[in-house]
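Protein sequence lines correspond, in order, to chains A and B. All residue numbers for the first sequence refer to the working numbering, where the first residue is 240 and numbers rise by one. All residue numbers for the second sequence refer to the working numbering, where the first residue is 110 and numbers rise by one.
Do not take every clue at face value.
[Unchecked claim] Footprint (simulated), chain A over chain B, 3 or more residues, beta carbon under 8 angstroms: (1) 374-383; (2) 486-493.
[Unchecked claim] Below, a list of computed lysine to aspartate or glutamate pairs in the DMTMM-like style, where the Cα atoms sit at most 25 angstroms apart: (3) A:K298 x B:E286; (4) B:K185 x A:D291; (5) B:K185 x A:D342; (6) A:K298 x B:E267; (7) B:K185 x B:D445.
Bear in mind the hints are in silico, worked out from the structure with no lab data behind them. We put the CB at the ideal spot given by N, CA and C, even for glycine.
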Amino acid sequence: MADGDRRSIRAPLALVNQHMKIAVIEPDPSRARDIIDALMAEGWEDVVVLGDVTGLARKLAALDPDLVLIDLDNPSRDALEQVSVASAAQSRPVAMFVDRSDDEMTQAAVAAGLSAYVVGELQPERIKPVLQTAIARFQMMSQMRTELEAAKQALADRKTVDRAKGMIMRARNVSEDEAYALLRKTAMSQNRKVIDVAQALLTASDLLT
Amino acid sequence: MSVTPLNCGYVPLVDSAPLIVAQELGFAGDEGLTLNLLRQQSWAALRDLLALGHLDAAHMLAPLPVAMSLGLSGPKARVDALMVLSVNGTVIGVSTAVATAMRARGWDGHFGAPQNTVVHLLSALERPLRVAVPFPYSMHRLLFEYWIRQAGHGRPAEVDIVTTPPPLMADAVTANEIDVFCVGEPWGSVAVGNRVGELILPGAAIWAHAPEKVLAARHDWVEENPTIVGALMRAVARAAAWLDVTQNRPLAIEILARSAHLNVPHAALDHALMGQFATRFGATPVDVPGFLRFHDRAANFPWRSQAAWIGAEIAQLEGVDRHHAVSVAQATMRPDCYRRYLGPVGIDMPGASAKVEGALTHPTAVASVRGEMILGPDAFFDGATFDFTTLE
Numbered sequence: 240m241a242d243g244d245r246r247s248i249r250a251p252l253a254l255v256n257q258h259m260k261i262a263v264i265e266p267d268p269s270r271a272r273d274i275i276d277a278l279m280a281e282g283w284e285d286v287v288v289l290g291d292v293t294g295l296a297r298k299l300a301a302l303d304p305d306l307v308l309i310d311l312d313n314p315s316r317d318a319l320e321q322v323s324v325a326s327a328a329q330s331r332p333v334a335m336f337v338d339r340s341d342d343e344m345t346q347a348a349v350a351a352g353l354s355a356y357v358v359g360e361l362q363p364e365r366i367k368p369v370l371q372t373a374i375a376r377f378q379m380m381s382q383m384r385t386e387l388e389a390a391k392q393a394l395a396d397r398k399t400v401d402r403a404k405g406m407i408m409r410a411r412n413v414s415e416d417e418a419y420a421l422l423r424k425t426a427m428s429q430n431r432k433v434i435d436v437a438q439a440l441l442t443a444s445d446l447l448t
Numbered sequence: 110m111s112v113t114p115l116n117c118g119y120v121p122l123v124d125s126a127p128l129i130v131a132q133e134l135g136f137a138g139d140e141g142l143t144l145n146l147l148r149q150q151s152w153a154a155l156r157d158l159l160a161l162g163h164l165d166a167a168h169m170l171a172p173l174p175v176a177m178s179l180g181l182s183g184p185k186a187r188v189d190a191l192m193v194l195s196v197n198g199t200v201i202g203v204s205t206a207v208a209t210a211m212r213a214r215g216w217d218g219h220f221g222a223p224q225n226t227v228v229h230l231l232s233a234l235e236r237p238l239r240v241a242v243p244f245p246y247s248m249h250r251l252l253f254e255y256w257i258r259q260a261g262h263g264r265p266a267e268v269d270i271v272t273t274p275p276p277l278m279a280d281a282v283t284a285n286e287i288d289v290f291c292v293g294e295p296w297g298s299v300a301v302g303n304r305v306g307e308l309i310l311p312g313a314a315i316w317a318h319a320p321e322k323v324l325a326a327r328h329d330w331v332e333e334n335p336t337i338v339g340a341l342m343r344a345v346a347r348a349a350a351w352l353d354v355t356q357n358r359p360l361a362i363e364i365l366a367r368s369a370h371l372n373v374p375h376a377a378l379d380h381a382l383m384g385q386f387a388t389r390f391g392a393t394p395v396d397v398p399g400f401l402r403f404h405d406r407a408a409n410f411p412w413r414s415q416a417a418w419i420g421a422e423i424a425q426l427e428g429v430d431r432h433h434a435v436s437v438a439q440a441t442m443r444p445d446c447y448r449r450y451l452g453p454v455g456i457d458m459p460g461a462s463a464k465v466e467g468a469l470t471h472p473t474a475v476a477s478v479r480g481e482m483i484l485g486p487d488a489f490f491d492g493a494t495f496d497f498t499t500l501e
């Protein structure tokens, strides 16, 4: 990320200087590192990661964070919900951060795959800059994940097409270019994708041999 | 015919079967719908996505629409229960250590004796019992709390409720994090199979006809999309009826095990769908008839009185006003939609939309829209009845 971008989402200094302990629940170490880096770069220095979620309520009570950030998809979300209900065991209540005055931010967080839980009575103004930073980071991570998956898929597709080409080359004794042209022509005439035709060929061949 | 795609959220449990079967066996397609079945890792995520409009409909814990509509859970949203997706289907189990302690004090190990079992359970340990439930607003928690309260002890202070995702419950028992687990199948049987736990009571022994999961949707969405809501309810009701035909259960197990939706092994589905349980490792399986009901005995009918009971229990646990909670809760159930959309296609239903919960100790013939139908039993273990129209 360019420095200019980073400055654009930087929180006002007065807010940054207020101490806030942030717990990040994330089992994947590299993702956890990413989130910590993003938060630290913006001035929040007291960030703790919880990777292992066994005994989550007990660990959170010991850590006593002000804010908990967690992936929307993390199965431990429900355990966090419990912490918010078991108020007897906790000195401070835990509640999911939902700011009714700013529905857009709640939507942006969900779209990015992020949920936040507030411990105690933190003011929304203090939470929003943290959330903005985290949302930006989550968006970037999810984009990277999508790109990675697309790249993996492209690689797998290419292997399939290569195998199909090889099969055509052997069966019809043609060159690689001719084999590919044949695949493309079949795909176009059937209104299908080259990869689908290649896959169908491999499946059929597996069945016949 | 154009096909309407619907985003349907679910948590991968056996009782999400009506949605999966509605899509996979073509009941949804017959109604011009495609269900995009979106698997969720937690009830909290499912709840948030429904509340914020990312999901159209969801397989949901019966108490959750009530808790959401009361503003007690997640982003406040008025959420309706269009119909009940399943009745019963949960088990209560304990760690092997607790089972041993219970036996040492004379517990006979009988699966389905709520009065006797609760006495031994509550006196088993010298320290507070740690009780795992899947979610704070789940029938598992409400039934457990009702059980130990109504057994005549008041709510003992020595019980800690701990939320634990079902797939992690057996591990939590192994790690000595919990003593008691209240969970849907297959996760109770997994703890037994791992030799770390023993099943002590089916949830149905506490309340014989407890709504377990509902088909939930935002109230505004329901009002704005009558055609889609009707199509969805018909597709799901037909799937539920199909699931309750005994001869279809083996095929249902095949479909659920093969489809990518559940990712649960074949054997794990058997217990819940065939109603047979080994309560401890190596024991002869016992039959629990009607362990999990999808359709029969008006299982899909959204009784206002069921939600009212849930509202009253939540009020008791959270200290919110009882009248307010019951009033909001009963309105989340939509028997009106059930009548409007399912009546014309020949699905039988009761004449009334509320009943005295707990009054039926045996299967009983009652007047229905098409003549007569069998309801019940719906008794509570303590013989109590609940009539929200005469609440003090």
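| field | Numbered hints the structure breaks, given as an ascending list | value | Hints 1, 2 and 4 not satisfied by this model.
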